[in-house]
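Listed here are the chains, written in short residue letters.
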Amino acid sequence: IRFILLQNRQGKTRLAKYYIPLEESEKHKVEYEVHRLVVNRDPKFTNFVEFRTHKVIYRRYAGLFFSLCVDITDNELAYLESIHLFVEILDHFFSNVCELDLVFNFHKVYLILDEFILAGELQETSKRAIIERMGELEKLE
Amino acid sequence: MALSGMRGLSVFISDIRNCQNKEQERLRVDKELGNIRTRFKNEKGLTPYEKKKYVWKMLYIYMLGYDVDFGHMEAVSLISAPKYPEKQVGYIVTSSLLNENHDFLRLAINTVRNDIIGRNETFQCLALTLVGNIGGREFAESLAPDVQKLLISSSCRPLVRKKAALCLLRLYRKNPDVVNVDGWSDRMAQLLDERDLGVLTSSMSLLVALVANNHEAYWSCLPKCVKALERLARNQDIPQEYTYYGIPSPWLQVKTMRALQYFPTIEDPNTRRSLFEVLQRILMGTDVVKNVNKNNASHAVLFEALALVMHLDAEKEMMSQCVALLGKFIAVREPNIRYLGLENMTRMLMVTDVQDIIKRHQAQIITSLKDPDISIRRRALDLLYGMCDVSNAKDIVEELLQYLSTADFAMREELSLKAAILAEKFAPDLSWYVDVILQLIDKAGDFVSDDIWFRVVQFVTNNEDLQPYAAVKAREYLDKPAIHETMVKVSAYILGEYSHLLARRPGCSPKEIFSIIHEKLPTVSTSTIPILLSTYAKILMHTQPSDPELQNQIWAIFRKYESCIDAEIQQRAVEYFALSSKGAALMDIMAEMPKFPERQSALIKKAEDTEADTAEQSALKLRAQQQTSNALVVTDQRPANGTPPVSELRLVKVPSMSNVDHSSADHGVTQENGTLTVVDPQPPEPSADLLSDLLGPLAIEGPPGSAVQSERNLVPGTEGVPNAEDALAIAPVGEQTNTVQPIGNIAERFQALGLKDSGVLYEDPYIQIGIKAEWRAHQGRLVLFLGNKNTSPLVSVQAVILPPSHLKMELSLVPDTIPPRAQVQCPLEVINLRPSRDVAVLDFSYQFGTHVNVKLRLPAVLNKFLQPVSVSAEEFFPQWRSLSGPPLKLQEVVRGVRPMSLAEMANLFNSFRLIVCPGLDPNANNLVASTTFYSESTRAMLCLIRIETDPADRTQLRMTVASGEPTLTFELKEFIKEQLVSIPTVSRGPAPPPPPPPPPTSAPAALSDPGAMLAGLLH
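Each protein sequence line maps, in turn, to chains A and B. Using the UniProt record's numbering, count along the first sequence one by one with no gaps and you end on 141. Using the UniProt record's numbering, count along the second sequence one by one with no gaps and you end on 1019.
So that you can see chain B by itself, here it is in the shape it has in the complex (with noise of 0.2 Å):
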């Protein structure tokens, strides 16, 4: 191998590696940059190979870890040597030591730009590749017509021509607005006929950059790469260098695949066919062999294959065969594999719904989660995270206290925050909840955060109920010997609070309890300190009548730190000494915590902050968030530098509610009672707000009342809303003159969340409103999850409740601004008083340039307030005969019905929660279902449906419903009627309808809100 030489850069490398030590080593480096530096400065005297040797060194020495920063210029310079040798190292040297943000690269650029449309192809390709490695934003202005244009020339070799792709990949990225979408997505469409591999590859590299930020531009690409993967999997014209161990390149391959990824749905069912066939061919064709890199290469062909799957909702089979797959995955012993089987399946858990097979391997993943490697012990933790539900919480969190004991320190804060969310989402009981979080405080203490003792606290004081029970709890603990300072802080509060709860069990007395307490108080570092005072002035409190003892023990303490260096200490230390002296004053001070407000725990979002950053957003969470809105709190990007991710979560403070009031109330109570010197809360540093709720107010507090009532006045709308009738009236008339696009179909959205209780109810380009729904009963709670999309506040934020007169709708307070990137929960009650099929309507607002205004259905229908209930024949035929006839029973043909089978009907029925009851009538075209409908008048009522189809004429069939009650026998089966006659709904096409005929008073706006027309159809 003739391997240029350059003597004096190998005698030089020579000394460098006999040096003995890192000393000797500075010294000959030292030594070749005095020399290097005069050299330079006496330029005239250097030979064009003597620069080029010299700029050599530099870079080796920058790589053994030296600054080189004189040297910037000189490699810059050489650039414009006009020589290829010179100018080659020129521009490797550059991209090596500079990046995108220093000022000499500025210097480069007249040089590099004729470089590029100059006709010398060598120096085209150094140009495209220094730009394609290091180009900023100037460059991405100046350079991307040219780039653009070598990259669509006939007359460059694929070698120009594939760099020229990626180079405007990088220009892209730095600037989107460089490619042009208009003229461009016919050119990339052609760029993909390309026969050229090496092109194909660069060029798919751009299509994905391009697809990942606008699918829309580039439908016509889609068919291609499907044709292109075919090609691949078929191993149809490929040349043989470019199969990788006799696969056609498995990294084009996988390319595609990233690329299909990004178009929502693939609508011709041709193509659809061709790609499920390929698709089916890698799913079934991927063995197990011998050979690693073949063995990797196929299945990375494999697991991309299967991200296409998923992502394509296929159909029930395939989807099952991936799941078998991955179930064998996980369990295999080649490590690489198995932590993709489990990686994977966590990505399933987001897209489908296949929880039920995953939960099968439960055990699996349990042992993969003590396997040696970090690396799949982390994939396990965050599957079992994810496929944790009500059922089966009980295991897996357990699973994971037990595993805190022994897991490494890396993964001990993760393991303890995800115990702690998942406990809090899917406890079963509240006592297992706050078992579990004690529990984990005293195995991983220091891995605890502040967070997971606050929220227990907060569950403790809105749960009446808990509270003797985490008392028992907290005086257990105390017990123990040596325990973590968390935990002397979280007994100490619940203790103060609640000990009183426990005073007749043994070691319970308010001295028992303040000694065993007061035990700890040597051992604990100051933030514990007024922590443990105001839990002893609460003991004070609760010692009625008072024990002239334990008093003067706790007033000797105060006194004491009266004195006390910290600030905080000392201000408690004074006010409670003085407060405990005025008596009975003290009971109305000292009072009880009042509730919480409810919010979104702080640990979900921190959980959800750990998102990290990737070059194009991943198709998967395009579409999770297309799908829920709880996926939506995206964090600003970080720098790519950022510190690990565990530490560097951070509380991204939503504005809650509970932040304004608990100062207005404070300020409020300490104007009435005048006696007490206002502690205000502190300076919003990140975490000092969640500390203030939960720490201030033990310094000042006032009856839990007054709370309550301003934060009564606070909510808007309670007021002013108009009676039910005039509002809904209201609701379908579109005034609206939004200019703000919605995106998505707000109508189909409001009818799949009639089926489902979570989903995206309305989102436009600044906002997503997603809602989540909980329903018992004749009640409901929904969360309404406002998530601002943007990196600036969305202001002047209004949600009203336009309630029906059939249901109390009570919303929570909406706050007026919505942090950049922030999710808003806001919690709205809802009680069902009547049978009715009337809507209620989101009238909501904002303000992001231009005020937007949509009213919006919400999903609190009929269907909801309905339980399954199946009943036998002999429950069902006594009563179908009790009630006789109209009113209770009422009798309907129905023509104009969407044809489907009875099977199809019957799951209908189902879905909304009629359940069909098989066997009960004999005829086979006949359909019997029942249901139990909850409202506040009528009750748990008894519904019962029979159904008789005519197998000639699908379009048409008798509907029998019967109630106890004859306004929901007639809403009842008016609200079946509605599901089954097809609906005129606004059809699918990317243009908005053409406008119907008559209403001229309606605004233009108001037809893009086709949910808006379909309220106005139905009544």
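One chain only, chain A, in its complex shape (with noise of 0.2 Å):
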């Protein structure tokens, strides 16, 4: 994974992390055009775009897109699948999670994520460890 950018129907990025290093001029260009590639697409149409040499995976909860770069020789459906993996974590964690919450606690999405995804890689596949590390992590504040 190269990126995972969080954007609601606006554009505006609630999360953003990068697996590559870019200029702060790039990461703007990307999140304006990733946001313009996957924000008139049709329901019906498949959750894969090109992008320059890469690939968006994408997915749509409400109004937030959840979108990852990745190789174009990556496995499709199965990144697409580690962001419904994702979005449950959030889920359960939030407990019914809406974009508010996901604006209000952004401090806390990133250490889920930092559980999830490590160098660009998947580094944990079970809801249940995520949630638990997370509880270890909470007492220590």
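Hints are computed from structural coordinates only; laboratory data are not their basis. Even for Gly, the Cβ is constructed at its ideal location relative to N, Cα and C. Accuracy of the hints is not assured; some may be wrong.
Claimed, not checked - Computed Cβ-Cβ distance ranges for the label pairs, DEER-style:
(1) B:P82 with A:N40: 35 to 43 Å
(2) B:D30 with A:E24: 14 to 22 Å
(3) A:N40 with B:D186: 30 to 38 Å
To be verified - Once the Cα atoms are required to be at most 20 Å apart in a straight line, the calculated DMTMM-like pairs of lysine to aspartate or glutamate come out as:
(4) A:K27 with B:D15
(5) B:K370 with A:D42
(6) B:K53 with A:D101
(7) A:K12 with B:E549
(8) B:K83 with A:E138
Once you've looked at the hints, go ahead and assemble the two chains, each given alone in its own frame, into the complex.
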């Protein structure tokens, strides 16, 4: 995974995590382009769009777009389902997650993501393991 | 849910959300930033809680898109805070704000190291996460050993170890040297025994990166991967929490199968069998289910299994099962599955021989080309492009042309490029090719790059038969109202050169041609005007006797442009005016363009250049590289932030010979004539050289002969090639003192090329030599693809052909230098004079650090000059009887035959184009075959072969060969014998074979080239 973006319909970035070194200006460009690429796609279309020399795997949940940028040779469906797993984890953690939860607790979302993905690769695919880990961390604060 | 509140932060976020517009938001942010800045200035008064709060706020402001550079320092310094809450914020915010290239990160490196080697598990996790996400080279060098220790430590919790695995993966990608292969491969294998699936998932990702670089070192991991996959696929010992919608971790399954694709084969039969059982189960057992997530997850596994099956060259049955599955997928409604069906079919084309089955789905694929979703359309286009061959090129290209008019802009350039390439590659006849390109320009002129029309001009120039046709077509298009400027260029060019061929047709007198072209002049841009001027000059030249009226018109135009502000136009106008006043001299100077030297289509290069960069080189590509040389051309890695693929197409200019000899020819001519100023070829801009190829010579050009002459002088090896007998004597004796080890077995590669017409002839770490051949009767046309694998040039490249006496071979110019990552094509013409089994040798050398020299046998072997022919009983028997005995008919009992069934033998014969005619011989143990042999001395000559086998003893047989020429009969008999008798080839082991006892003269390096040894044995 090159980067992960969480954007709403208006293109506001709710979470951005880059696993490749990019300049600030480049990040803004990427976020703008990815938003434009996915926002108007018909729900009946594929969840994959080619983006520059890579591929964006995206999924829409209510007004939020979760987009992963991966290599063109990567397994698309596996990454598509990892988005869903991430959403299930968020949903469990915030019990019925909505966009506002992610806005006001963006720092938690970063923590969860760091337990889920590291170095651009899946680190843990057990929902339980991640939720338990978050519990441990909360106690430390 | 107890969300730890930070009131200040929440209030700030609410404030921002309540802003009515961007301006208010900016004001609020500025106020906050000012506040944060002053607070950090008087740091003494700040509590740890406040620091934490402000740093979070900064991250939020950063996410809104504002610049918070001043806060980098604050975030980094929090990393060294003693308590967890602040440290955590420091780590997380730093890894969001900074990337590996920031200098501030260096400040933290010591703290990070201390946290990693310290005893606080939570701190270890934070540090590993930071390094895993943004660590750069410096981190790799100083931290890798510590991270490795954590990964294999038995006292660490899985939590730490999985982070260590991925952290190490990051460091390895930054600098592969940090993992010491010798020590690490055993450890890696042990890691795969891990029971904890979190650790196993992370370790598997690490393994993928390791084997992608060097599978040799990790063979011991292969059976472990298969075991892990079995465990998952059978759902044995998988905790509930690791199943996803009932499927045992689909991600780990996918990763494991990915790792397996980097091993070239699986030698151990038991492991192979277990793996195929699992794969079979996945292929058969995946059903479509209602639940989207479950369906996606199971198909993720299925598609990975398909890729692995393709990679492993499974049995025919399993392969056709795969194609059948894909055929089903490309017809389903579910868009994701259809997309992947198309994508995987394209991949399948690259590795296996399934073109014919895939062609059956052509109609279905064309439907997807019209899908509303651009992602699907692109896949369909790629697949059509990949599956196109001579048989379906017309249909596919016409389909693409039709689609071009309605296609969206995003795809037009790619579409026209692909259509142009296919038209060129597979044109059943050249006039069709011209039609396609002109239609392309007509329909999508804006998207047709210059290369496309340059290429069609090249073809027309090089093929006399095509010239009148192209001229007629160009003339027709000019009648259309409002044609694209590119069309003006190409028609003006073609008509300038060849309109005199149409002189008798209505509407094609020089005057008419001139006026219809001149009509367009007011509408075109400055880049087109020079072409039009050249056309006028050429028209003048062809109008003999001259037509004063036309001449005056054209002169008037030249005079008008003599004062043009554009230098190119001005120069041409002046020169053409002066030249055309000289009368007859014009004839020489404005003569028809000489033929262009053959070169690889710039278009094909262009298409190849759109390779994407990936974290790990794809297994498929690695394999494709091993198989055909065409896949070799890889341009330099682009920065990750490149521009979109289509527009970033850039010409990688191979130092085509044409460049060299154009300029030298130009100079030469100029000096001879002494009347012209030299227009120097433009400085080497990316595309200028192509332009100068086409446009440059228009301004000054000499009689075609001179170019050819100067070319000939440059060809190395046309002189000084020792005569054939000498050459052969030299070839096998290996005085090769190379220190460079070839990749793969040279003898096996040669043998494989005996049966097929394209593949790799030779490869070492620096160069890959691929070959592609076409054979027609007694002639052959080979193309050597010399691919430089490095990022620096290969120099002193020399290729000399040592032909045996029966072959006439002519190699085109081989450039002295091959630029980085470029591929050069060198055509080689072969003419077969007489039947013989002798083999031609390519003496190839280059300099890269050391001097490397190899002698390679070329697959211009006897069977290449055979054409299959099947004869009926009525034809066979009279022939057979008329060739009554030696020397035209020879019989021999052959012993020591490799035991094979009759069917296998028939296959072997067919593969050598000796076509087995079933049913001719009443005895079921016999085999009759026929073929036609072509050479200059024999012309086409029918050869008949009969093999009588002994079912009781498969190691011996009686062979009878007959033809109308004694040498042919003898050579063919010997040739077949060589194929039947088991030749002592070098075994496949990893270690080089022990040197055979006697030959003391051969240097040890020669033994590493079994090809050379074998050549010795054969003579």
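Comparing the hints with the structure gives:
With their beta carbons about 50 Å apart, P82 of chain B and N40 of chain A fall outside the hinted range of 35 to 43 Å. The beta-carbon spacing between D30 of chain B and E24 of chain A, approximately 18 Å, falls within the hinted interval of 14 to 22 Å. Hint check: N40 of chain A to D186 of chain B, Cβ distance near 53 Å, so the stated range 30 to 38 Å is violated. Note on K27 of chain A and D15 of chain B: the hinted pairing is violated, with a Cα-Cα distance of about 26 Å set against a maximum of 20 Å.
Proposed proximity of K370 of chain B and D42 of chain A is supported: the alpha carbons are some 16 Å apart, at most 20 Å. A threshold of 20 Å between alpha carbons decides the hint, and for K53 of chain B with D101 of chain A the separation of about 18 Å falls inside it, so the pair holds. For a cut-off of 20 Å, the pair hint linking K12 of chain A to E549 of chain B is broken: about 70 Å separates their Cα positions. Among the hinted pairs, K83 of chain B with E138 of chain A is consistent with the structure: their alpha-carbon atoms are about 14 Å apart, no more than 20 Å.
Going through the hint list in order, the structure does not satisfy hints 1, 3, 4 and 7.
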